[in-house]
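Visitor: What follows is each chain in one-letter form.
There are 2 protein chains.
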Amino acid sequence: MPSTVVVTVGDELLLGDTIDSNAARIGRALGDLGAPVVRRETVGDRAPAIQAAVARGLADADLVIVTGGLGPTPDDLTREAVAELLSRPLRSDPEVVEKLRARFCAFSTGTFPENNLRQAMVPEGARVLPNARGTAPGLAIEQGGRWVVLLQGVPRELDGMLAGPVRELVIEVFAGRLRPPVHRFVRTTGIAESLLSEKVEARLPTERGPVRLAYLPSLRGVDLRFTVDDAIDAQEAKDWLHRMEAALGDLADYRFEGEDLVAAVAGALEGSGRTLAAAESCTGGLLAKRLTDRAGSSAWFLGGVVTYADRAKVDQLGVDPGVLARVGAVSEEVARAMATGAARLFGAGAGVGITGIAGPGGGTPEKPVGTVWWAAAVGERVVAETRVFPGDREAVRERSAQAALHLLYRMLSGTPS
Amino acid sequence: MPSTVVVTVGDELLLGDTIDSNAARIGRALGDLGAPVVRRETVGDRAPAIQAAVARGLADADLVIVTGGLGPTPDDLTREAVAELLSRPLRSDPEVVEKLRARFCAFSTGTFPENNLRQAMVPEGARVLPNARGTAPGLAIEQGGRWVVLLQGVPRELDGMLAGPVRELVIEVFAGRLRPPVHRFVRTTGIAESLLSEKVEARLPTERGPVRLAYLPSLRGVDLRFTVDDAIDAQEAKDWLHRMEAALGDLADYRFEGEDLVAAVAGALEGSGRTLAAAESCTGGLLAKRLTDRAGSSAWFLGGVVTYADRAKVDQLGVDPGVLARVGAVSEEVARAMATGAARLFGAGAGVGITGIAGPGGGTPEKPVGTVWWAAAVGERVVAETRVFPGDREAVRERSAQAALHLLYRMLSGTPS
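Going line by line, the protein sequences match chains A and B. Numbering-wise (the working numbering), the first sequence opens with residue 804 and increments by one. Numbering-wise (the working numbering), the second sequence opens with residue 804 and increments by one.
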């Protein structure tokens, strides 16, 4: 199986000004192609450091991917450093110059800045990888059967290069050697990783053949990733993954379909022709934001209210002030009244309400920081749940929004709970 | 000046399952201490790869920081691999064992899992760095005047280690050699990086002495970071930075004080004793979420509405249906009515409204995707602004929320606009 080393270039990465998300993008893309990343290195904007890292990469791997330092400014040194290392003189490529000029004229008026022409310099014998999303093209250079690929560091442009020209190059030059893994994701929420792993390990067969299992936890839940790495028959891989998934049967309470719980809720709403409205206190708009992150959510999301103040809960959602005074804003009664109040206010078929103490202040011995009540109303049915969530303000808010979405999903999809 | 190499360990980093935010944390912390990171490397959970990376680090730098692979499970190999590389036999440390048992008993019932005892194994001659936020302590080993420090990979625990024991160790062992830089940040928003840089470069003196300037762009704006690296007198450094900042004077339209624009708005609201309410369409709760990310926002944020549907704009905010029909929801009139409507609905002294087309669908030739109107109402004064923002749905939403906060900030703080 071919292996990949990644070199990311930039002082801002070493200083910690920028988090190196490119490295993860490349790791996923190359792993899925079957040429996994075995090491990566980050160096600053200095030619000797770039050259040393690329040379180490070529000694260790079949493919070295370098990102960053291909732009037009003086601190962009990658192109020149790698050309020198591989003894490939740089020549201006007329076709690339033409494209740079055309792109500049389409977006700007004024004189074409000459420093842009550096981006048209191509090492001798290199392939030019077209960059549909930006100016600097990628460059691919063969060196004794191994490859060095230079790519732009702008994430949007990098994604386009990985999905297009880099993918095509890798498939072409490593033909017959690639072993793309087959993944199957099972998404869960509302269950701690340790408890989930107990349940999963107890239910899965001991004999798992070529299947590897990874737990991928986040504030929103734990994804299970089953992977078949080896070059087994596609049907056999499918059978193995199917067997694993079938064994998980009774995780139904925690599972949902699709990439993200909002996608699952959207599917359930679209399937049932219902619309949704939200009332939020401690999550302060996070739930509405997540729902509307999804393009097309206007088809089923009518709107939401953030009722931070008690008076707003009474005025807008019709929460009974007597109840508020008696049991407090963080209570089952208020969560229920918020869910039904939201549905009524927007004329929606379903409503969801969240009220809690996100912290850091506001906790009491009876209701410590992290105490949250949430409720969902679907037609006539109203269900409320509560938890004391661990973590800081952000963690409590993320977990609360996810828990409310999960309850709504179970009610809409008819999962027993 | 001492230099640092960072080694992060974990298959999940190479696979791209996890973004390596630890590397950025360490880069910032060591840079600020004056022992900057000159290179970093990421390797998988394999002893030879860990050993090769640490050996390369010791050849290049005074300090090698290794994170990840210190936990209790079988794929945690860092401790054993480094101990072997440096020929330091591992011995169980009774004090660490005692702490592990005490921590376990405080949080759990049941039998103490024996695999936890691996975390009490200490290489001969190593210092134990206490981890107040977790189980595995850090380990620091001197090798010929250079140091290898092993740290937990959990971000919360890592932060605690960097701010406490690692900081103390670095100050102690590199005493007299550290050159902590002095930073000064100037935050801007509402101006493109290229235009900002033109303005800044035209205004700053050509002679900048020891000062370096970095532009740190994000969807929310561009931060300018002025840094004095050299070991000049503290007062002289201060004078230089002051001279630079004074030269920026007429950037007032784009500047704000504090880490984040929400902090600046909060300060202006608290200063003027006003409260705030928000009405959002295309941002769908993002503005309310950002306001309520801030602990203590309940003191001045009364609430918000997400009026995705036109009917909700009419029913809840009192937007005139005739105006909606004539000029459409994405218009100056509707933005103004949303801002004043939000203030009225919640009884707040200030209101903000945002309406736009975040995409990917919904654009027309007259109002393409990215068209956004926002308005702020402070007392009797109402101001509206518009832009066609570039970028995808997320970018348009982030930029819209930031633009609305910026308008509100200027109105509250009396900046001419």
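To be clear, the hints were calculated from the coordinates, so they are not data collected in a lab. Be aware that a few hints might be false.
[Claimed, not checked] Some, not all, of what chain A presents toward chain B, calculated at C-beta under 7 Å:
hint	residue
1	Val1014
2	Tyr1018
3	Ala1112
4	Asp1113
[Stated by the list, open to error] Covered stretches of chain A, going by a simulated chain B footprint (3 or more residues, C-beta under 8 Å):
hint	region
5	826-833
6	845-852
7	896-903
8	1147-1156
9	1181-1187
Backbone N, C-alpha and C define an ideal beta-carbon position, used for all residues, glycine too.
Visitor: All the hints need checking, so say for each whether the structure fits it.
Guide: Here is how each hint holds up against the structure:
1. Val1014: Since the shortest Cβ distance to chain B is 16 Å, the answer is violated.
2. Tyr1018: violated (10 Å)
3. Ala1112: Since chain B brings a Cβ to about 5 Å from Ala1112(A), closer than 7 Å, the hint holds.
4. Asp1113: violated (10 Å)
5. 826-833: It holds, with 7 qualifying residues against the three required.
6. 845-852: holds (count 4)
7. 896-903: violated (count 0)
8. 1147-1156: holds (count 3)
9. 1181-1187: violated (count 0)
Comparing the model with each earlier hint shows violations of hints 1, 2, 4, 7 and 9; every other hint is respected.
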